[in-house]
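Number of protein chains: 4
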Amino acid sequence: MGSTALGGAAPARAGLAPKIVRLLANHPQFRITVMTADRKAGEQFGSVFPHLITQDLPNLVAIKDADFSDVDAVFCCLPHGTTQEIIKGLPQQLKIVDLSADFRLRNINEYAEWYGHAHRAPELQEEAVYGLTEVLRDEIRNARLVANPGCYPTSIQLPLVPLIKAKLIKLSNIIIDAKSGVTGAGRGAKEANLYTEIAEGIHAYGIKGHRHVPEVEQGLSEAAESKVTISFTPNLICMKRGMQSTMFVEMAPGVTVSDLYQHLKSTYEGEEFVKLLNGSNVPHTRHVVGSNYCFMNVFEDRIPGRAIIISVIDNLVKGASGQAVQNLNLMMGLPENMGLQYQPLFP
Amino acid sequence: MGSTALGGAAPARAGLAPKIVRLLANHPQFRITVMTADRKAGEQFGSVFPHLITQDLPNLVAIKDADFSDVDAVFCCLPHGTTQEIIKGLPQQLKIVDLSADFRLRNINEYAEWYGHAHRAPELQEEAVYGLTEVLRDEIRNARLVANPGCYPTSIQLPLVPLIKAKLIKLSNIIIDAKSGVTGAGRGAKEANLYTEIAEGIHAYGIKGHRHVPEVEQGLSEAAESKVTISFTPNLICMKRGMQSTMFVEMAPGVTVSDLYQHLKSTYEGEEFVKLLNGSNVPHTRHVVGSNYCFMNVFEDRIPGRAIIISVIDNLVKGASGQAVQNLNLMMGLPENMGLQYQPLFP
Amino acid sequence: MGSTALGGAAPARAGLAPKIVRLLANHPQFRITVMTADRKAGEQFGSVFPHLITQDLPNLVAIKDADFSDVDAVFCCLPHGTTQEIIKGLPQQLKIVDLSADFRLRNINEYAEWYGHAHRAPELQEEAVYGLTEVLRDEIRNARLVANPGCYPTSIQLPLVPLIKAKLIKLSNIIIDAKSGVTGAGRGAKEANLYTEIAEGIHAYGIKGHRHVPEVEQGLSEAAESKVTISFTPNLICMKRGMQSTMFVEMAPGVTVSDLYQHLKSTYEGEEFVKLLNGSNVPHTRHVVGSNYCFMNVFEDRIPGRAIIISVIDNLVKGASGQAVQNLNLMMGLPENMGLQYQPLFP
Amino acid sequence: MGSTALGGAAPARAGLAPKIVRLLANHPQFRITVMTADRKAGEQFGSVFPHLITQDLPNLVAIKDADFSDVDAVFCCLPHGTTQEIIKGLPQQLKIVDLSADFRLRNINEYAEWYGHAHRAPELQEEAVYGLTEVLRDEIRNARLVANPGCYPTSIQLPLVPLIKAKLIKLSNIIIDAKSGVTGAGRGAKEANLYTEIAEGIHAYGIKGHRHVPEVEQGLSEAAESKVTISFTPNLICMKRGMQSTMFVEMAPGVTVSDLYQHLKSTYEGEEFVKLLNGSNVPHTRHVVGSNYCFMNVFEDRIPGRAIIISVIDNLVKGASGQAVQNLNLMMGLPENMGLQYQPLFP
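Chains as they are written, first to last, in the numbering used here: chain A, 5 to 351; chain B, 5 to 351; chain C, 5 to 351; chain D, 5 to 351.
Only chain A is shown next, with the shape it has when bound in the complex (with noise of 0.2 Å):
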């Protein structure tokens, strides 16, 4: 039961569709039997990928003379902005899960505002569902088109939105200081992401403008029922993959740092994915690298009254494709760790 169609290698988002091939390699479900990609058409995937050589796939073809009447969902690695008019054209049984920024801010005038133009399918957005799977997972269940989350908004939400809904923490000044790898940047030859210029260091970029602040806020807004405005600094790290985000907060009156744990430690008690580490255990990004795991702690602050919360990820699958395919699970009625139970690949 279920195959699945797979869109995009533009250098964009392309990195993302082969981190999807590779789970879906072992999932039991799911077979892949149509690939887009528009430049590449004609060639193997393996000569684009040489890494996934040993798969069997099918040839890449544009998507103007892909065949979907043989799939049943579709996951789509397009670049932000050019997705929405192609999904608008897919035929209306497909499940699509969406990995683009496209679907992701219900506000329409805000998604202009961030993204430079108005919507393109508007009604498409109307009817998305925002796949942070653990926090909408009964609405996930049910929808036939669903926006990936971001990594940022991933590693930052799970921990927050929780913790807001509660009113544990208050709503002003909420910082976050994140650190990504360099694999968020996508596949796309810039001088900015060369050996050269990350190995061994680090440095913040679009302090204010990063685009997922918009997508954070809406997030932690509608847990708040009320808008909230963070500060949120991303920082490039000469890694790969992994994603941490630190977030110093306020607690509410009277609130102490093991409310907080006690409240995401029954929050998450019974997921797969997300772990409340014990004690004063650090998550370490390099413990969670090639799974869809997110470790989280709370730790107190010198500052009386504040607390840090340290999440990590693997920000091409918690952030990417394992969520991805973790609400495709659920999206086709399986059970949702299908074909995800991956550890993590450390050292």
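Honestly, the hints are just simulated from the structure, not real lab data.
Heads up, a few of these hints could be off.
Intra- or inter-copy, both count: the list cannot distinguish identical chains.
[Claimed, not checked] Think about it this way: if two alpha-carbon atoms lie no more than 27 Å apart in a straight line, the pair counts; the simulated DSS-like pairs of lysine-lysine are: (1) K174 <-> K212; (2) K231 <-> K174; (3) K269 <-> K212; (4) K212 <-> K279; (5) K269 <-> K171.
Starting from the known structure of chain A, fit chains B, C and D onto it as the hints suggest.
This is chains B, C and D only, laid out in the frame that chain A set:
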């Protein structure tokens, strides 16, 4: 069917235990029921290796306290030298894959010469089968005790043994320049393996005296039916996993690079884990990391009559734990690839 | 004029000795005449640090055997805690720059609290001058004993002290997320600092209890003339050298980011080693590695009234040995930048 | 005395310009008065290379607008192929060190074969002196135009030329396995050089056809006074700077490894930048990074009659900009080591 015990969390080989745990986590037929570690007895495996905290594993016990009554097979990840006596003491009905070097050298005198002491279980040494799966599949299938090959020897023998058996290359002047990631050195806290000593650099080590030399020469000599002496220069490079062996060989008179290619092609055509690349594609270590694959290819040299052969593996998977699981699958009558179909984690 | 002795090759701080040797190799006025190392006495420095074998250096001697008669000044690179008594025993006429933490905390009780024992040379502690060069230049010029600052404290105090003195930022809720390369941890052979544990990842450590906290709070409190408590989260990242401190601050009422920028600009205008970047240029750690520079800049936050300040240094140069040479230059009446005009080694 | 112009900020070779700027920053006799860069004309160098913003440098100008009236010497960092015509157009009185490959091959036909077009300045090619400093010092001293050697050729010829001249090694079967950091590939934005494609891995490239081959064979053939054909396999490894060449050679009859060692020792005894290591010390690339040193050593092979020679350099210093400054020092009658006494930056 099939439950396994896993021994050893001493620093030297302990790096290997968690890699097997990773592989067994998704193995449909093996279940870990006993884990031993003398110095860490009583602890949880996940507290020693935090990336595996999500696994539900038995607590570590001392070997002497281990209950093997419910155990069918054992992976032995103990330090070189100590393994011999411990295996001697295990119940006879257990299947054993030993990841140490203790049973790799068939010649007891050679063992004594390279390891500095007389072998402590010569009768077991007699019984042990060398676990180079693709080469010795039939013997492994019927073995009780398998000596799992070293990483360098795996990457070298897979291409050279068939070429030597077919008399396509000369036995003199086989020159090997090999490069290994740091995990080959285990998890011991030595200054030489600190990040600051390893990052951003390369150096040769053990130029004349690496202990994998007699293992390689044993395999090549058996293939040649005469004594082969190799030139072997291993290098440590700034990566965690991965191994590249570059082999510079003289071809037998009249033999061409195309002959070498064709022979390797026919030898490994049906193999799942050994892949001869197409055309002039160069094997990259990054394209096999996390998987049980060996990628290889053959190239013309500028010097007439010579050829260059390059093979790459993940030293911790095909070079250790992956090949170990592959061997136990065979020994237990299971499909050889069971639980091993991980695609490489790239990037 | 000016010959120097260099003490200390114990693992913990020993990382620092070779960095000073590197800087002194080209210093026009300093010559190394004595090098001490109790455990390595009798050895050559170049055999311990092979990258310095081309230097013609005196053999290592035990401190008790050192002849200080021809010595004008000493760099002390001994472990925290042991330095106090050794410096007490040095001839009075020597100028001393101490790179340990022993004399950094002016408050003897605070020292005892953070280091777990009473200070063993309180009268010297009284005499010692804190060596944050740009901030305490005049005091340093006349000092006999300078306590060279820690790396985190250098990167944090350089931007924050002038802003606090000018009352441009609030004293509450100063939140610092800092990232350090591994060399900050010295050359000790600990599992936690192995390549395999560090490469390709990030993790926070010492969240509440890093020993640089009292040093930073001391500096900020003196600038504020009242007690300042900071939130400080250090992170270890997979790079050898480099440090980034990101400081999230609330501005005083009516103050703008432009006010912060202008004040830092006028403060550091004539400085050779502290550079405020132009416009919105973001400091990268890679752009200062190998040099004595501190690059910094100020950014608007999305939350009104807040600002984000980022500074970067090479933790081993401006954060240790470079600032030490800068201080000794001052103490000896030499141009402050002598021997320090190394450009960053990028890439 | 001596002011210099610096040409070229095209992506391919532009990586080299900032390395020369770094070295000249502290050179007591050279001052940069003109910097050319056609595509970036009008910009400041520090805006292209932010790690050099502290330098007071002339703005970039187009070559056609450059005023050479106040210039004594030129470092030419232009792309291969374009340099010929530009140098043809420079004023005759200028001393020139060319870092491209344009004038390295003495044989015009060989140039055409490897670079795909007829040489455009054959008379200059005639005049050019090959700048392997330690080997051709006298010729360089009197040269007007020096062709600065490639990085691989430098690391290979320094050990092999003297051994071949002394007839200590055989000319057949010289096998070289070399490893380079990524900076060898320049700063061009190619997918193959992205962090994600390079980090944590190794792969061979250009196995038969690397353009440094004819340069090496030219040097070895001249030393041998007969045509030498080498086996050359370069590898790209995950480091920024650094190069290791491992040379597998057969010794002439009766020659021992000790003979090779002694000959290299006497050859390089008085040299400042070429160091034969003691005993069995292995050269590490990390121990020369940032410096103009070449470290080398000779080792016995397991195969009787063979030896293994390993040399390491910083490909951007001794392999490019450092040797260029060394050459210009000679050409200007200055001490050869002036401005080059940088110690390696380790770790």
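**Item:** Homomeric proximity label, K212 with K279: Cα distance no greater than 27 Å
**Value:** Classified as between; 22 Å across copies, 30 Å inside a copy.
**Asked** Is it within, between, both or neither when you check K269 against K171 at 27 Å Cα-Cα?
**Response** The answer is within: 16 Å in one copy meets 27 Å, while 42 Å across copies does not.
**Message:** One pair to classify: K269 and K212, alpha carbons no more than 27 Å apart. Within, between, both, or neither?
**Reply:** between (32 Å within a copy, 22 Å between copies)
**Asked** Given identical chains, is K231 near K174, meaning Cα to Cα at most 27 Å, within a copy, between copies, both, or neither?
**Response** both (12 Å within a copy, 25 Å between copies)
**Message:** With identical chains, the pair K174 and K212 could be close in the same copy or across copies; at 27 Å between alpha carbons, which is it: within, between, both, or neither?
**Reply:** both (21 Å within a copy, 21 Å between copies)
Taken one by one, the earlier hints all hold for this structure without exception.
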